[in-house]
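Top to bottom, those sequences are chains A and B.
What the first sequence shows, in my numbering, is residues 792 to 1450, in sequence order.
What the second sequence shows, in my numbering, is residues 8 to 363, in sequence order.
To be clear, the hints were calculated from the coordinates, so they are not data collected in a lab.
Honestly, I wouldn't trust all of these hints.
[What the hints assert, rightly or not] In the DSBU-like style, the derived pairs of lysine-lysine whose C-alpha atoms are separated by at most 30 Å in a straight line are:
{"no.": "1", "chain 1": "B", "residue 1": "Lys351", "chain 2": "B", "residue 2": "Lys251"}
{"no.": "2", "chain 1": "A", "residue 1": "Lys1006", "chain 2": "B", "residue 2": "Lys268"}
{"no.": "3", "chain 1": "A", "residue 1": "Lys1006", "chain 2": "B", "residue 2": "Lys115"}
{"no.": "4", "chain 1": "A", "residue 1": "Lys1267", "chain 2": "A", "residue 2": "Lys1347"}
{"no.": "5", "chain 1": "A", "residue 1": "Lys837", "chain 2": "A", "residue 2": "Lys1112"}
{"no.": "6", "chain 1": "B", "residue 1": "Lys162", "chain 2": "B", "residue 2": "Lys172"}
{"no.": "7", "chain 1": "B", "residue 1": "Lys351", "chain 2": "A", "residue 2": "Lys1004"}
{"no.": "8", "chain 1": "A", "residue 1": "Lys1332", "chain 2": "A", "residue 2": "Lys1245"}
{"no.": "9", "chain 1": "A", "residue 1": "Lys1282", "chain 2": "A", "residue 2": "Lys1245"}
{"no.": "10", "chain 1": "B", "residue 1": "Lys231", "chain 2": "A", "residue 2": "Lys1282"}
{"no.": "11", "chain 1": "A", "residue 1": "Lys993", "chain 2": "A", "residue 2": "Lys1056"}
{"no.": "12", "chain 1": "A", "residue 1": "Lys1341", "chain 2": "B", "residue 2": "Lys136"}
{"no.": "13", "chain 1": "B", "residue 1": "Lys115", "chain 2": "B", "residue 2": "Lys136"}
{"no.": "14", "chain 1": "A", "residue 1": "Lys1242", "chain 2": "B", "residue 2": "Lys231"}
{"no.": "15", "chain 1": "A", "residue 1": "Lys1004", "chain 2": "B", "residue 2": "Lys112"}
{"no.": "16", "chain 1": "B", "residue 1": "Lys251", "chain 2": "B", "residue 2": "Lys172"}
{"no.": "17", "chain 1": "A", "residue 1": "Lys1347", "chain 2": "A", "residue 2": "Lys1332"}
{"no.": "18", "chain 1": "B", "residue 1": "Lys115", "chain 2": "A", "residue 2": "Lys993"}
{"no.": "19", "chain 1": "B", "residue 1": "Lys251", "chain 2": "A", "residue 2": "Lys1282"}
{"no.": "20", "chain 1": "A", "residue 1": "Lys1282", "chain 2": "B", "residue 2": "Lys351"}
{"no.": "21", "chain 1": "B", "residue 1": "Lys268", "chain 2": "B", "residue 2": "Lys112"}
{"no.": "22", "chain 1": "B", "residue 1": "Lys351", "chain 2": "A", "residue 2": "Lys1056"}
{"no.": "23", "chain 1": "B", "residue 1": "Lys76", "chain 2": "A", "residue 2": "Lys1341"}
{"no.": "24", "chain 1": "A", "residue 1": "Lys1341", "chain 2": "B", "residue 2": "Lys248"}
{"no.": "25", "chain 1": "A", "residue 1": "Lys993", "chain 2": "B", "residue 2": "Lys76"}
{"no.": "26", "chain 1": "B", "residue 1": "Lys268", "chain 2": "A", "residue 2": "Lys1347"}
{"no.": "27", "chain 1": "A", "residue 1": "Lys1347", "chain 2": "B", "residue 2": "Lys351"}
{"no.": "28", "chain 1": "A", "residue 1": "Lys1112", "chain 2": "B", "residue 2": "Lys231"}
{"no.": "29", "chain 1": "B", "residue 1": "Lys76", "chain 2": "A", "residue 2": "Lys1006"}
{"no.": "30", "chain 1": "A", "residue 1": "Lys1245", "chain 2": "A", "residue 2": "Lys1119"}
{"no.": "31", "chain 1": "B", "residue 1": "Lys76", "chain 2": "B", "residue 2": "Lys251"}
{"no.": "32", "chain 1": "A", "residue 1": "Lys1341", "chain 2": "B", "residue 2": "Lys290"}
{"no.": "33", "chain 1": "A", "residue 1": "Lys1332", "chain 2": "B", "residue 2": "Lys351"}
{"no.": "34", "chain 1": "A", "residue 1": "Lys1282", "chain 2": "B", "residue 2": "Lys290"}
{"no.": "35", "chain 1": "B", "residue 1": "Lys162", "chain 2": "B", "residue 2": "Lys115"}
{"no.": "36", "chain 1": "A", "residue 1": "Lys927", "chain 2": "A", "residue 2": "Lys837"}
{"no.": "37", "chain 1": "B", "residue 1": "Lys218", "chain 2": "B", "residue 2": "Lys112"}
{"no.": "38", "chain 1": "B", "residue 1": "Lys112", "chain 2": "B", "residue 2": "Lys76"}
{"no.": "39", "chain 1": "B", "residue 1": "Lys162", "chain 2": "B", "residue 2": "Lys39"}
{"no.": "40", "chain 1": "A", "residue 1": "Lys1267", "chain 2": "A", "residue 2": "Lys1341"}
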Amino acid sequence: MRLLITIVLQGIFVLELFAQTLKDTISISTVDVVASVRITERGVNKTVIDSLILAERLTSSVSDILAKHSLIFIRSYGQGLLATASFRGTAASHTQVLWNGINVNSPMLGVADLSILPVFFADDISLYYGSSSLVKSGGALGGLINIENKPDWNNKLKVSLVQGLGSFSNNQTYAFIAFGNSRFQSKTRLFRESSINDFEFKNMESGSFEYMKQKNADFQKYGLMQEFYSRIGYNNLFSAKVWCTITNRNLPTLTTNESIQAESKEYQNDNSVNIVVDYKRITKTGSILITGGGTSTNMLYFSGYEDGNKKAYVRDSSLNKTAQYFGKVNYLVNIAENIGFQTGIDFNYSSISNINTIKMIEDTSVSYCANRTEWSGFARLSLQISNRWNCFLIAKQVISDSILIPVMPSFTVEYNALKAKRLVFRTNVARNYHLPSLNDLYYPSGNPLLKPEKGYSADFNVQFNHNYSFLKIDTKLSFFASIIDNWIVWKPSEKINTWTAENIKTVFSRGFEYYIGLSGNIARWSYHAKANYSYTRASNKDTSSINNSKDNSYGKQLIYTPFHVYNLLINIEHKKYYCNYSINYTGNRYASSDNNVNSLKPRYLLNDVEIGKNIAVNNFNFDVQLRINNIFDIQYQPFFGRAMPGRNYGLLVRLNFSK
Amino acid sequence: MRISRYIPVIIIVITLSISCEKYNVDVVDYNKVGQGLFIVNEGNYGNSNASLSYYEPNSLLINDDVFTKTNGFPLGDQAQSMTIIDSIGFILVTNSSKIMVINTKTFKHIATIRGIDSPRYMLTISNTKAYVSNMYSTSITIINPQTYSVIGFIKVGKPTEQMVKWNKYVFVANWSLGNTIQRINSETDSLIDSLIVSYQPNSLAVDKYNKLWVASDCGWANNKPIPSLTLINATNFSIEKEYKFPNNRISPSHLCINGTKDTIFFLTGGWTNTGEGSNGVYKMSVLDDQLPDIYLIPQGNKLFYGLGVDPVTSNLYISDALDYVQSGWIYRFRANGIPIDSFKTDIIPGYFCFQP
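Go ahead and model the full structure; you've got the sequences and the hints to work with.
Encoded structure:
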């Protein structure tokens, strides 16, 4: 790999000499994204992942991007493996993931696997913190990740081919073609990624303390996304989008596992299809958006081994199928210059089936099917009281299987201290409910009496941005607090040998987040610097803990919730060369609810660097990028016993053609 | 500007100045004498946080996480049980597919026995032979406890759990989704026959009258059958009596027998502190004709998870797993149910191993 790097570096400089003879054209754009000012988006605590990051990290997964460039805590079980997101000390199920308006959280598990989606498939990623998520969806007690795809109406033809190679036989191929005119656009994206993923790590959990190679961690991922956009005039917009994925992953054992059974296998195969179709009509005073869609997933899990005759012995195997159908109508109207009103109705039908084969004995399959129908309606009123004061009211009502969930209200006040909205104070209080997943309700014997998790939240933030002649600054400080009651926990039930979900915990989460983004030019250098920091204190307030004198979990930090998280990205560009340096810190976490020091998981700080070069020739744009992850070869584990790679390298070559 | 030249240097300096925590492998030296008690803390499945505690009843001293502190690395994932032969301890770590061998005085790691799919319990047959039951395999693994190696297998066709030796026979409970007790000839290492009992027999004991006691929990289905204790004549391997519990919400587990082999103890409820008010630790004479009407020690708001009986004093050791993700507690009682004291251990204390 080092030889390859040398060749690439030399290649970049040769290309530079070559490029000097060619006309200078555009490089990858470093678009600065500012908060949208649409009425539906005002009064919202939201972060948009910088388009610079999306453009230069397009071969990464969304989970990887969020882990390194946001304050969301990504619970990753290893490279290429399941990765879920948590906001502000809440659970992964309290994070909703929307793809073009439809919820892609599994109705079975309540979480979304963000390792499956490559950044290449996203045009826009936004994060809605806390109750700000209510503008998009209910139930996101922690927050919401909104992933969108958009048309470029000016595009005639654009083709992009990307090839990535990396350590551990990582091979990524991406293709993109978009064509059309001002009335019709088509975008097709394809990707394939495979990796043997046999990285070397120092195993501190076995007696040998030796470096060893990760085993049974290879994966293959395939994806297709097709988008069609059409508009009649400028007022009628149609779109249809399909996103399909196939992900086959072998699951590595824990670092403490010393099985030598060569035939032992554990793997998970996921297939999914997501479809969304929408129609938007823009009127003089507002718009109406009608959306329909569906998702379908199949997940096969297998743990077992084969004997000498290739006969499979199952330890544990399950086949899970889920289907969701969505329908939405959203109407927005500006009643007056200073009054906006938005209302909508959502329909969601979810069904799941599960077949679980336990052990190697015949006739021991357990299966269950379940479904749920949800209707919800919401209204949002936006009032501009004066030039400086705005307020926003949301009321959302959900009916789940004929059960009326209490109203979810949200109230936000916004004060613009300076002209041009450069300094904004914003505060919000809200109540939100999160419905149990279908597994929570029905698996294995279920607990149909589960109540929705109830969250009360308050948020205060100050946002400032300004363009000075030499510097652009964008900064935000947020304080948050939330109490989540009826928090669902899985625990052994009175029916011996099984676990069920119960409304047990009360959690008080509070803290603050700080973001600062600086950009500008120094001489012929341009730079961007972005830093995030969060402090989260998420403590157990379950009163039953107090009643038991031996229970030391009351008031303690939730397990695997870091107190401190920060990250920094520095981007420097000079003469079509660019360098991105990022650091990402995850603080200490406890693995026991009483915060026993023996359970403390060490903090870690990772450093990554990318250097690249853009070369443009006529309509072609050529980009070469070299990447070094985990520069200082830190041995770290997000979860105990889950090995992660040390220093590793990646090479990316991208060819763009546009007309 | 000249400052631009220094940007890479600034970045490197900043980065290098930020320290990273290293894995700590400092170790502690122990040298324990006397008759202490090992407590195997199961830990959370998939978290590799199983641990070993050592309790000294004479000094009331508890030594936590002695394996990691001594050896600088953890025990593994989901430790199930421990067996001691002389001064060598064998800790069976189910989800790490291994048996960790330690010196019971110094807690130093001696060897790791690999090649066992999912070890649950170990039964000593002789100085050179021991059986190991498996949860996810249809064979019993035979190991040599002197060479710390796998020397054979006994095909039994079912997952295996607790085992007990009586004369040349070994009785094996087929707990996980099973309903049989198997009988193995330990001289020939061969399965002889099996007997159908109530669903999911989880624990066994042989009393002074050569009777085999079996506790069956009957699984977890809503409409599961009524759990029971089964009394088997060890001599002719036939069922003599079945003690049915009043309803299917009371499930017995952790059946233990005292040192004089005339009294059995078992847990009901286990796993949970919800529901049945009649859950707790039960005591029963091996001559009793019926199940006791009421518990000896009520579970109350605790979460009884493990039970052990000191073979010398007959004192009871009961573990409370609390919420399963924090340090559990051990309650000590006299055999008549009078409380002695309590002490804290680690996550999910599940098995008590008394030094022979």
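Verify the proposed pairing of Lys1347(A) with Lys351(B), using a straight-line Cα cut of 30 Å. holds, 18 Å
Compare the distance between the alpha carbons of Lys993(A) and Lys1056(A) with 30 Å, and conclude whether the hinted pair is satisfied. Distance ~23 Å between Lys993(A) and Lys1056(A) Cα, so the pair holds.
Run the distance test for Lys251(B) versus Lys1282(A): straight-line Cα separation, threshold 30 Å. holds, 27 Å
Do the alpha carbons of Lys76(B) and Lys1341(A) lie within 30 Å of each other, as the hint requires? At roughly 24 Å apart (the allowed maximum being 30 Å), Lys1341(A) and Lys76(B) satisfy the hint.
So if I understand the rule, the pair passes when the alpha-carbon distance is 30 Å or less; does Lys1332(A) with Lys1245(A) pass? holds, 14 Å
Compare the distance between the alpha carbons of Lys351(B) and Lys251(B) with 30 Å, and conclude whether the hinted pair is satisfied. violated, 35 Å
Is the straight-line distance between the alpha-carbon of Lys1341(A) and that of Lys290(B) 30 Å or less? holds, 25 Å
Regarding the pair Lys837(A) and Lys1112(A), is the alpha-carbon distance no greater than 30 Å? The given pair, whose Cα atoms are some 33 Å apart, is violated under the 30 Å limit.
Agreement of Lys1004(A) and Lys112(B) with the hint, judged by alpha carbon distance not exceeding 30 Å: violated, 34 Å
Within 30 Å, alpha carbon to alpha carbon, are Lys1282(A) and Lys351(B)? holds, 21 Å
Is Lys231(B) close enough to Lys1282(A), meaning Cα to Cα at most 30 Å? At roughly 20 Å apart (the allowed maximum being 30 Å), Lys1282(A) and Lys231(B) satisfy the hint.
CA of Lys76(B) to CA of Lys251(B), is that 30 Å or under? Roughly 45 Å between the alpha carbons, so the hint for Lys76(B) and Lys251(B) is violated.
Comparing the model with each earlier hint shows violations of hints 1, 2, 5, 7, 12, 15, 22, 24, 26, 31, 35, 37, 39 and 40; every other hint is respected.
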